[in-house]
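Novice: Chains X and E supply the protein sequences, listed in that same order.
Position one of the first sequence corresponds to residue 1 (the numbering used here), numbered consecutively onward.
Position one of the second sequence corresponds to residue 1 (the numbering used here), numbered consecutively onward.
Any given hint could be a false lead.
Examples of chain E residues toward chain X, derived with CB under 10 Å [unchecked claim]: (1) K54; (2) A111; (3) D113; (4) G115; (5) V117; (6) R132; (7) V134; (8) R141; (9) L144; (10) N183.
Over 10 Å on every C-beta distance to chain E, these chain X residues come out as not near it, computed from the model [what the hints assert, rightly or not]: (11) E28; (12) G37; (13) G49; (14) G56; (15) D57; (16) D61; (17) G69; (18) I72; (19) E100; (20) G101; (21) G197; (22) E216.
Label-pair ranges, simulated between beta-carbon atoms [said to hold, decoys possible]: (23) E:F70 with X:P70: 45 to 55 Å; (24) X:G6 with E:G115: 53 to 63 Å; (25) E:G115 with X:R18: 51 to 61 Å; (26) E:A107 with X:R18: 14 to 24 Å.
Derived from the structure by calculation, the hints contain no laboratory data.
Small disclaimer: the values here were computed from a predicted structure and weren't measured.
Note that CB positions come from ideal geometry on N, CA and C, so glycine has one too.
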Amino acid sequence: MIELTGVHKSFGANHVLRGVDASISKGEVVCIIGPSGSGKSTILRCINGLESYDKGDIRVDGLRVDRRGPDITAIRTRVSMVFQRFNLFPHRTALENVIEGPVFVKREPRALAIERGRQLLDRVGLGDKADAHPAQLSGGQMQRVAIARALAMQPEAILFDEPTSALDPELVGEVLGVMRTLAEEGMTMAVVTHEMGFAREVADRVLFIDHGVIVEQGAAKELLSNPQNPRTQDFLRRVLRPI
Amino acid sequence: MFWKDASAFMPILLQGLQLTVAVTLGSLLLSTLLGLFWALMRVSGVTPLVWLAKSVVNVIRGIPILVLLFYIYFVLPELGITMTAMQAGILGLGIAYSAYQAENFRAGIEAIDHGQVEAAQSLGMSWIMMMRRVILPQAVRIVLPPYGNTMVMMLKDSSQASTITVAELMLKGQMLAASTFKNSTVFTLVALLYLVMSVPLILFVGWLERRNMPKR
Chain X
1 MIELTGVHKS
11 FGANHVLRGV
21 DASISKGEVV
31 CIIGPSGSGK
41 STILRCINGL
51 ESYDKGDIRV
61 DGLRVDRRGP
71 DITAIRTRVS
81 MVFQRFNLFP
91 HRTALENVIE
101 GPVFVKREPR
111 ALAIERGRQL
121 LDRVGLGDKA
131 DAHPAQLSGG
141 QMQRVAIARA
151 LAMQPEAILF
161 DEPTSALDPE
171 LVGEVLGVMR
181 TLAEEGMTMA
191 VVTHEMGFAR
201 EVADRVLFID
211 HGVIVEQGAA
221 KELLSNPQNP
231 RTQDFLRRVL
241 RPI
Chain E
1 MFWKDASAFM
11 PILLQGLQLT
21 VAVTLGSLLL
31 STLLGLFWAL
41 MRVSGVTPLV
51 WLAKSVVNVI
61 RGIPILVLLF
71 YIYFVLPELG
81 ITMTAMQAGI
91 LGLGIAYSAY
101 QAENFRAGIE
111 AIDHGQVEAA
121 QSLGMSWIMM
131 MRRVILPQAV
141 RIVLPPYGNT
151 MVMMLKDSSQ
161 ASTITVAELM
171 LKGQMLAAST
181 FKNSTVFTLV
191 ALLYLVMSVP
201 LILFVGWLER
211 RNMPKR
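Based on the provided sequences and hints, a complete structural model is requested.
Specialist: Below, the structure is given as structure tokens:
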């Protein structure tokens with residue numbers, strides 16, 4: 001449902017994406033790994049139209065992603081995004097964060113959105129925090145609210161941009177747990193992550209990105225335990241044995 | 001002696017005070033709306049609008065309020081645009097202060113974390129909806145303290161409308177002083193009346209700030 005063909009992107013003189021070809025099918029969980037600055041996050045941000053791209057083609061359900069184009073709202077309501085730093089709306093409660101999109105973008109009746117919003121908060125284990133403001137929540141709780149907010153749009157796919165990188169180590173598990181459940185329920189997911197354990201257990205496929213190109217890709221267990229490319233081998237060695 | 005004069009002068013000064021309040025409220029409303037308009041143009045990211053907003057703000061900031069008031073009241077009639085002194089006063093002060101309001105609002109808007117913009121965009125919000133639902137409600141909290149400052153400054157600068165014959169507090173005071181020669185009584189009263197109006201404004205802004213504190 002998501003297709004990238006020959007995607008290039010530069011920030012000034014910095015050529016971040018140098019011809020990325022990839023596709024994510026419906027129901028698939030794809031983890032994107034690679035060194036920092038390799039362009040992993042930029043790929044997700046281009047799919048959602050948060051960044052423009054210079055060359056190539058990105059399509060969601062056949063609609064071309066163009067952040068200034070007429071289809072961008074349709075694309076964004078189909079593909080939700082979860083951010084490294086949560087980006088919850090601090091002036092609204094957890095429940096208000098969750099219903100913001102359905103009520104104001106999708107124009108759903110408020111009562112219905114509230115009912116579904118409460119169910120979603122229950123689903124991420126935060127039914128009792130509906131009226132809490134983000135400042136009253138832990139990082140793990142905020143990220144779970146952010147996941148509920150993404151789910152509230154009833155998306156066909158969710159993009160996760162390093163969803164656990166800003167969390168204290170003991171809070172990582174609760175967020176990964178919610179993501180694993182989503183994956184098991186068949187949600188299409190693209191996850192930029194440094195959690196190799198999660199990638200191995202949950203992902204169908206792993207893409208290794210370095211210097212703006214996909215260096216290697218394959219079935220998760222296969223690629224992570226038996227990488228073929230020397231750069232992948234080197235990266236995995238560093239990540240799995242940091243000292 | 002002071003009290004006897006004071007009680008005789010107060011009714012006249014209070015008439016002026018009513019106009020002072022009217023000029024202040026009118027120009028405050030106008031400057032807020034115009035200032036918000038310039039600020040939104042400035043942060044719109046649309047190059048012609050950004051440049052237009054920049055130019056307007058700089059031109060307004062570069063012209064003294066007095067000159068602006070004289071221009072509106074004395075020059076515009078030559079172009080066939082006539083208005084009462086009161087209307088000219090509100091328009092002049094409102095335009096003059098819209099530049100400061102705009103810069104203040106822009107600072108508040110630009111202080112909001114860019115992650116908020118991305119979250120709003122990723123939900124599919126339009127630019128206008130993002131401003132209304134996400135950015136402006138958060139910017140208000142940042143903008144309030146300097147806004148309170150501006151309110152007090154506008155209250156005091158409303159006295160400049162006296163120069164184009166708006167019979168507000170300052171002009172009433174001048175006329176009283178000129179006809180009675182009781183300068184010290186008159187201008188002490190005038191000063192006290194401005195002070196009495198400023199204090200509630202300052203308290204009001206403090207209350208607004210507390211009310212808008214983030215929930216912890």
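Novice: If a hint holds in the structure, say so; if it doesn't, say that too.
Specialist: Evaluation of the provided hints:
no.	hint	verdict
1	K54	violated, 23 Å
2	A111	violated, 13 Å
3	D113	holds, 8 Å
4	G115	holds, 4 Å
5	V117	holds, 9 Å
6	R132	holds, 9 Å
7	V134	holds, 6 Å
8	R141	holds, 8 Å
9	L144	violated, 14 Å
10	N183	violated, 52 Å
11	E28	holds, 21 Å
12	G37	holds, 19 Å
13	G49	violated, 7 Å
14	G56	holds, 21 Å
15	D57	holds, 21 Å
16	D61	holds, 15 Å
17	G69	holds, 13 Å
18	I72	violated, 8 Å
19	E100	violated, 7 Å
20	G101	violated, 4 Å
21	G197	holds, 27 Å
22	E216	holds, 29 Å
23	E:F70 with X:P70: 45 to 55 Å	holds, 50 Å
24	X:G6 with E:G115: 53 to 63 Å	violated, 30 Å
25	E:G115 with X:R18: 51 to 61 Å	violated, 27 Å
26	E:A107 with X:R18: 14 to 24 Å	violated, 39 Å
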